[in-house]
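Q: Chain by chain, the residues run as shown.
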Amino acid sequence: MKFADFVCAESIQAQIAAETKEEVILELVGALVDSGSVKSDERESIVKAIMKREELGSTGIGRGIAVPHTKHPSVDRLVATVGVSASGVEFNSLDDAKVQIFFLLVSPPDRPGDHLRALENVARQLRDSTFCRFLKQSTTPEDIWQLLDEADSGQFGS
Amino acid sequence: MRIVILGAGTVGTSIAEVLCNNRHSVTVVDSDPVQKQRIDDELDAQAILGSASQSSVLFQANVLDADLCLAVTGNDEVNLIAASMAKAMGARRTMARVYAPVFRDLSTFDYQGHFHIDRLISLEHEAANLLARNLRDPGSVVVEHFARGELAVQEILLPEGSPAIGNSVKELELPTNVRIGALHRTKNISSEGQMWLAGADDRFEVGDRVTLIGQREDIDEVTEKVFRPALTPKLSVVIAGGGETGYHLARILENEQFDVRLMEQSRERCDFLSHNLDHATVVNADATRRSKLEEERVGHFDVFVACTGDDENNIVAGVEAREIGTQKIMAVISRRDYAGIKEQLGIDVTVSELDGVSQQVMDFLNTGPIISRSMLPGGRIGVFEIEVLEDAAATEHVIANLELPPDCLIAVVIHEDHIKVPGRDDRLQPGDTVIALIDDSAVEVTLNMFAVKED
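So the sequence lines, in the order shown, correspond to chains A and B. Numbered according to our numbering, the first sequence spans residues 1 to 158. Numbered according to our numbering, the second sequence spans residues 1001 to 1455.
Isolated chain A (complex conformation) (with noise of 0.2 angstroms):
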C-alpha cells in the first residue's frame, strides 16, 4: 500500500502551532475535516477514540516520530494526514524524544486489513533517516506530498 492510497493532500500540515499530545490530535483531526476526509459533526468523536488509543500506550515510537490511530464507523476508507511540528511536541514516546512527524489514521473498522497494511507502509518507509531527516525541513504542504510520493516510488531505502 502507498502513502497516495490513504494520505489525504489537502490535509497535510507542515507547521503544526500545536504544543501538547491533545492540541496535535486535535489540529490534526481537524485538517481531515476541513480537506473533507472526514465529517465535522465526528470530529469530537474521532479526537476521544485516538485519545483512548493513546492511554493504552503511546504511538510515539521513538525518534521523534508518532502514529496516532483509530477504527471509526464514520469513515467509509482508510483516511490519513501528515503533520510536521519544528519545535517538537511532548508525546510520552518510548525514548522521552519530543515528536516532530506525525502520521494520523483513521480507519473503518471493517477493513483490519487495509489499517494493518498502513500501519506497517508508514513504520517501514520511516525507518529511513534520511526521509525523516527531510521531512521534519519541510515547511510547506507540497514538499511533504512531494517527499511522500518519492517514498511510494522507492526512493528511500526500505
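Derived from the structure by calculation, the hints contain no laboratory data.
The list that follows gives simulated cross-link-like pairs (lysine-lysine, DSS-like), each with its CA atoms no further than 30 angstroms apart:
(1) B:K1328 x B:K1292
(2) A:K52 x B:K1420
(3) B:K1225 x A:K52
Pair by pair, the computed Cβ-Cβ distance ranges are:
(4) B:R1335 x A:M1: 49 to 55 angstroms
(5) B:H1279 x A:T139: 36 to 42 angstroms
(6) A:S74 x B:V1398: 19 to 25 angstroms
(7) A:R43 x B:P1159: 33 to 39 angstroms
(8) B:G1431 x A:S40: 28 to 34 angstroms
(9) A:G113 x B:R1427: 22 to 28 angstroms
(10) A:E44 x B:Q1257: 17 to 23 angstroms
Here a beta-carbon is modelled for each residue, glycine too, at the ideal position from N, C-alpha and C.
Mind docking chain B on chain A? Use the hints.
A: Frame of chain A, contents of chain B only:
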C-alpha cells in the same frame, strides 16, 4: 449443557460451582495437581490436569463437543490462545478472561476478531459496572456486553420534575442513535405493574421505568437532556483504590451526576489517573489509614466505595469510613463467606466481580442463533443478542417486510463492528448481530425467523 472451564482459580471454581448447581455438565482443566484434586473433591465436575494451551489437553476435555468453553486462567495470553483453539476445535461459543485493557481495544489490532473469540471479559470492568449500577438510579439495570462494551441497554426511572413527563415518545424527538425500548409502569408499590414495548404515542408518567438502548455516552447525554430534572443534586463519591476497577468506575461516574474523588496509594498510578480522568479529583493517599480518610474529609461524602483489590483492606477502609460518617458504604468483596458479615460491619452493599461474570456466563448458555439473553427487571421482556445466520428467514426481506410479531423490537444491528439503528428499509445480512427486545409472548415466533430452515 456441556461447559469446559480452563483454569481452576477463584474465578474458574466459582463459575464451575454455579454451573454444577444448575445441573450442567462441567469439565475443569488446570495445570496444578493441587487445584485439580480440589475440584475432584469438592465439585461434581470432571477435572483434568494439564495446560489449557495444549491441544492434547483440550481434546481430553472434549472441547470438540462443548457448548461453551471458558478460558479463565490467571494468564491473559493463555486465555486468548486456549479460547481461540477451543473455537477452532469445535466449541460452539468461547469466552476468555483478560486483564490488560489493550486486549479489548480495537484501534491497533482486533484480538477478539483475530482469535475468533465470542466474548472477552474483564472481571475488573464487571465489578466497576456492578458498582456503578448500584450507584445510579436505584433499580436501574445495565447490560453492556454488546459490541465489545460499546453498546448498552440501560433502564432509567423518571422522577418528579423530569422534562419528559407528559410528552409522548414521538414528541421527545430523540436522536436516532438512542432508542427507547420498554416502558415499565407501576401504579403503586405493591402492584407488579405493566410492561410493554413503547410506541410513538405513549406518554411518559412519573415513576415510569424506561429502557434506553445505544452507546453509553449517547444514553448519558439523552438522560441528561431529556429525562433528568434540571436541578438534580450531585452525589459525592469517594473511591478507594485506583486499580482497573476504581479507574473504570471513576470513568463511568465522572460523566454522570457525580462528584468523584479517587484515592490511590501509588504516586505513579496517580499520575496516570489524573492524566486520563477528566473531572475526577485524584488524591495520592492510602485509603486504609484513618488519618488520611479524615484529612480528605471522607465523612462529608455521600458514598464511599472500597475497591483496593484486597478484601481485607476493603473491609477495613469501609468500616473506618462509616465510623467517620460517610452515609453509604460499598465494597468489592470476592470471598463469599465475607459477604455474610457485611451487616455487622456496617457495609451497605458488597459486590463480587465473580457474580457479574457468572451472570454473563449463564446468559450465554443458549441454543441456536441466540448468543445471549437476559431479562429486564419486571420480567416480561428479554434482551436478546442474536446471530444472523445464512439462510435465516430474517435475511429474506427488508425489515419492514419481515413478518415479525408486534411485541418485538429490533433495536440495534451490529454490522462489521459498526453499531446501527436499523430503518424499515434495511435488510439483515448473515454475519450481523441483532440486539432485540422481545416480549415473552413473541419469543418463539421471532426466534423462528432467525433459525436456519431445515429442508
